[in-house]
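4 protein chains.
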Amino acid sequence: MAGRLQGKRILITQADDFMGPTFADAFREEGAEVLEDRTDLTVPAAAAEVVAAAGEIDVLVANLAAPSDAAYAVKVSDERWNHLFDVMVHPMHRLVRAALPAMMERRSGKIIVVGSATGLKAAPGTAPYSAARSAQVGYVRSVGVEAARFNVQINLIAQHFVENPEYFSEQFQQTDAFKKLMAEVPAGRLARPEEDAALAIFLASSESDFFVGQAIPFSGGWAQ
Amino acid sequence: MAGRLQGKRILITQADDFMGPTFADAFREEGAEVLEDRTDLTVPAAAAEVVAAAGEIDVLVANLAAPSDAAYAVKVSDERWNHLFDVMVHPMHRLVRAALPAMMERRSGKIIVVGSATGLKAAPGTAPYSAARSAQVGYVRSVGVEAARFNVQINLIAQHFVENPEYFSEQFQQTDAFKKLMAEVPAGRLARPEEDAALAIFLASSESDFFVGQAIPFSGGWAQ
Amino acid sequence: MAGRLQGKRILITQADDFMGPTFADAFREEGAEVLEDRTDLTVPAAAAEVVAAAGEIDVLVANLAAPSDAAYAVKVSDERWNHLFDVMVHPMHRLVRAALPAMMERRSGKIIVVGSATGLKAAPGTAPYSAARSAQVGYVRSVGVEAARFNVQINLIAQHFVENPEYFSEQFQQTDAFKKLMAEVPAGRLARPEEDAALAIFLASSESDFFVGQAIPFSGGWAQ
Amino acid sequence: MAGRLQGKRILITQADDFMGPTFADAFREEGAEVLEDRTDLTVPAAAAEVVAAAGEIDVLVANLAAPSDAAYAVKVSDERWNHLFDVMVHPMHRLVRAALPAMMERRSGKIIVVGSATGLKAAPGTAPYSAARSAQVGYVRSVGVEAARFNVQINLIAQHFVENPEYFSEQFQQTDAFKKLMAEVPAGRLARPEEDAALAIFLASSESDFFVGQAIPFSGGWAQ
Numbered sequence: 104m105a106g107r108l109q110g111k112r113i114l115i116t117q118a119d120d121f122m123g124p125t126f127a128d129a130f131r132e133e134g135a136e137v138l139e140d141r142t143d144l145t146v147p148a149a150a151a152e153v154v155a156a157a158g159e160i161d162v163l164v165a166n167l168a169a170p171s172d173a174a175y176a177v178k179v180s181d182e183r184w185n186h187l188f189d190v191m192v193h194p195m196h197r198l199v200r201a202a203l204p205a206m207m208e209r210r211s212g213k214i215i216v217v218g219s220a221t222g223l224k225a226a227p228g229t230a231p232y233s234a235a236r237s238a239q240v241g242y243v244r245s246v247g248v249e250a251a252r253f254n255v256q257i258n259l260i261a262q263h264f265v266e267n268p269e270y271f272s273e274q275f276q277q278t279d280a281f282k283k284l285m286a287e288v289p290a291g292r293l294a295r296p297e298e299d300a301a302l303a304i305f306l307a308s309s310e311s312d313f314f315v316g317q318a319i320p321f322s323g324g325w326a327q
Numbered sequence: 104m105a106g107r108l109q110g111k112r113i114l115i116t117q118a119d120d121f122m123g124p125t126f127a128d129a130f131r132e133e134g135a136e137v138l139e140d141r142t143d144l145t146v147p148a149a150a151a152e153v154v155a156a157a158g159e160i161d162v163l164v165a166n167l168a169a170p171s172d173a174a175y176a177v178k179v180s181d182e183r184w185n186h187l188f189d190v191m192v193h194p195m196h197r198l199v200r201a202a203l204p205a206m207m208e209r210r211s212g213k214i215i216v217v218g219s220a221t222g223l224k225a226a227p228g229t230a231p232y233s234a235a236r237s238a239q240v241g242y243v244r245s246v247g248v249e250a251a252r253f254n255v256q257i258n259l260i261a262q263h264f265v266e267n268p269e270y271f272s273e274q275f276q277q278t279d280a281f282k283k284l285m286a287e288v289p290a291g292r293l294a295r296p297e298e299d300a301a302l303a304i305f306l307a308s309s310e311s312d313f314f315v316g317q318a319i320p321f322s323g324g325w326a327q
Numbered sequence: 104m105a106g107r108l109q110g111k112r113i114l115i116t117q118a119d120d121f122m123g124p125t126f127a128d129a130f131r132e133e134g135a136e137v138l139e140d141r142t143d144l145t146v147p148a149a150a151a152e153v154v155a156a157a158g159e160i161d162v163l164v165a166n167l168a169a170p171s172d173a174a175y176a177v178k179v180s181d182e183r184w185n186h187l188f189d190v191m192v193h194p195m196h197r198l199v200r201a202a203l204p205a206m207m208e209r210r211s212g213k214i215i216v217v218g219s220a221t222g223l224k225a226a227p228g229t230a231p232y233s234a235a236r237s238a239q240v241g242y243v244r245s246v247g248v249e250a251a252r253f254n255v256q257i258n259l260i261a262q263h264f265v266e267n268p269e270y271f272s273e274q275f276q277q278t279d280a281f282k283k284l285m286a287e288v289p290a291g292r293l294a295r296p297e298e299d300a301a302l303a304i305f306l307a308s309s310e311s312d313f314f315v316g317q318a319i320p321f322s323g324g325w326a327q
Numbered sequence: 104m105a106g107r108l109q110g111k112r113i114l115i116t117q118a119d120d121f122m123g124p125t126f127a128d129a130f131r132e133e134g135a136e137v138l139e140d141r142t143d144l145t146v147p148a149a150a151a152e153v154v155a156a157a158g159e160i161d162v163l164v165a166n167l168a169a170p171s172d173a174a175y176a177v178k179v180s181d182e183r184w185n186h187l188f189d190v191m192v193h194p195m196h197r198l199v200r201a202a203l204p205a206m207m208e209r210r211s212g213k214i215i216v217v218g219s220a221t222g223l224k225a226a227p228g229t230a231p232y233s234a235a236r237s238a239q240v241g242y243v244r245s246v247g248v249e250a251a252r253f254n255v256q257i258n259l260i261a262q263h264f265v266e267n268p269e270y271f272s273e274q275f276q277q278t279d280a281f282k283k284l285m286a287e288v289p290a291g292r293l294a295r296p297e298e299d300a301a302l303a304i305f306l307a308s309s310e311s312d313f314f315v316g317q318a319i320p321f322s323g324g325w326a327q
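Sequence order for the protein chains is A, B, C and D.
Throughout, this note's numbering is defined as the position within the first sequence, counted from one, plus 103.
Throughout, this note's numbering is defined as the position within the second sequence, counted from one, plus 103.
Throughout, this note's numbering is defined as the position within the third sequence, counted from one, plus 103.
Throughout, this note's numbering is defined as the position within the fourth sequence, counted from one, plus 103.
Extracted from the complex, chain A is given alone in its bound form (with noise of 0.2 angstroms):
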């Protein structure tokens, strides 16, 4: 039986970091060609060159990831402040404007941003990330809707709470403050990393065609 990305090209950026491994992982189990990009995408011109590189493509994974480092908003310079925007907000732009116009044309596409439930709820001490998290939302939104009327969807995953090394290391999930966070998710556990790639091969697949501009919270009822 065929997968559920059987033939389907992807090309996932950031590939070491964040949900890239795992959604490479589970995008192949489901029949998917998946490219994986390493290039460092904050230098401006890099979004194009991946895209050009890649040929077409039926799927693109903006995965994009900057550690959150918690810290109240009067503490963050400039120099943290940036760094979150260079790397999360605007290669996002970059890319969909690199991959996008290629998919109208075709009548055919998705774009996945991995984005952060952060950018739905207030998360005190995570403001400027939370800021970079929301700029990625409303990006969605509009050019979700832009790019609706060509049969191309666009759609985030908010996630937050899933397991990962980055944001959860195996240290800090032995203490206490790991647990007083667990307290605040309703399901009361990390989600595994199978579990975010479940929603990523959705939306990835032609199962989320009726999904326009969307960010999806995935973090276990913190945000709804």
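The reader is advised that the hints may include incorrect statements.
One copy or any two copies: either way a pair holds, since identical chains are not told apart in the list.
DSBU-like, lysine-lysine: derived pairs with alpha carbons at most 35 angstroms apart [what the hints assert, rightly or not]: (1) K283 - K178; (2) K111 - K178; (3) K178 - K282; (4) K282 - K111.
Honestly, the hints are just simulated from the structure, not real lab data.
Keeping the supplied structure of chain A fixed, place chains B, C and D upon it in accordance with the hints.
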């Protein structure tokens, strides 16, 4: 290869109406055993009886529908108003109350409320309907959190613009009013029932174990 | 200097309960004539009679309250469930239906629903209450749009954590449960009733002429 | 009788643009001392200098505006994209970072970000602008919670469709495109700047002490 709902017993209410027939077919194709109920749930005692008669179920689909006749709120009689709540809101609570305890005890189960995007966004001309559908959303949000700690997931499909003889007759689809309506849908079309079923399968399967109390817009971008 | 509500006739329902007494005082201080009604609005015919008896009014305050006894949804009887809708939801529609036509004809008027932030955000332990309060939100959103073209504004105060003997007794405020609750409120305190009245004055005055069908969170940041 | 802002010192940035002149007049009429700043805040060091030069202030109005030229996202250059963030997003953080510590120390103060309803709802044709405005919303939500415990309130006016030569020229108001746009606004008209100022006065005064990190839609019902 086993279906995504292999071995699941799924109870669907109002099985001849709204999404009932489509969901039943789709669930069966994924390997589920589907119990189709057609009992009139406006009778207060009915919900408990239906759930008891079903025996152990893995998934309850609270498929509750009343036509959404457009009318300015000031024209809507008590009779019409009460009918909307009697059909869509009150039985939802009675079904959840009947089915949830056994699921919580087994620490496994799912409840899907087939709701409406008009529960998330203004729909002038259908204020009473929006009120009833919003009640569903508010209920699912909160009871979803209550159930999550017991590993039971309760979520809602906030759908609109799905091909359905009840809401979008062939005849209506030929009118200018329909064309005008479609201009408000970013996807520019109605969803095929099968697309809606794909979301229902996702929510009925273990793929959605980290979704808690969510009202997921399924409306071609009308609500996001 | 004239008050901000000089010359306005304002009808408040359930005038001895919830925000009734505070709002009445505050409106009078701003120059309004306040009609305090204490009729039992669960009687279907009552709303129309109350509105008719009031004569021409500029502002209707649908102040409808039932205690929000915490209980897991699975424990909530039909009687309790129905009471919430009978007190807070159904009379809201009957009041709007009675008062709105005259306002639309005069192309001037305001309706304020005194609602709850639990109509916007999960409140585990009070799912039935949240359902009823969400119904209010959904209704206001849609009927608010219907009324706007006639220059009538309908909005809702989505309040929570307001000092009020009904919801937060002096006794309860001494408990650990209360302290724990306050930790969930970013403001770290209950609102004084007068602060809530300031929002009500804003919504009752011409200052809110551009507010349409909005549910404005007033909850110290709990809902945003 | 004293005005509602009697004795308050209010700093407004970009004072000649966007809501600057209207808000300054309105604040003065309510008794405030208004400091109108016209410094170019795209210069990284400028925000701290402006705040330092202002001395003790009770209210900071982060009035940051760049024109929202409509264009499909795929057509928007890096230069245009960066300009939106350089003008509206990055200076917001620098202003808050400069002004908030003194307010937190005094346990009193307010910050109002003059933002946009496009930060809350899809606005196809202005995705980059929506992204920048959403970043503002996300930032205010989270930093608002951080500030609340120190009795400092940070909120955002999510406005749209306010009479303003920058966004709605007299010329544009004569076009069919404008009429079509107004059909999307439930209020059916633009807001008068004074109506917007009424909300700003509310947020600048002690009347909003229980508002925390909120983005309040002011858009005639377009966003709710």
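Problem set entry | Violating hint indices (sorted, rising) | none
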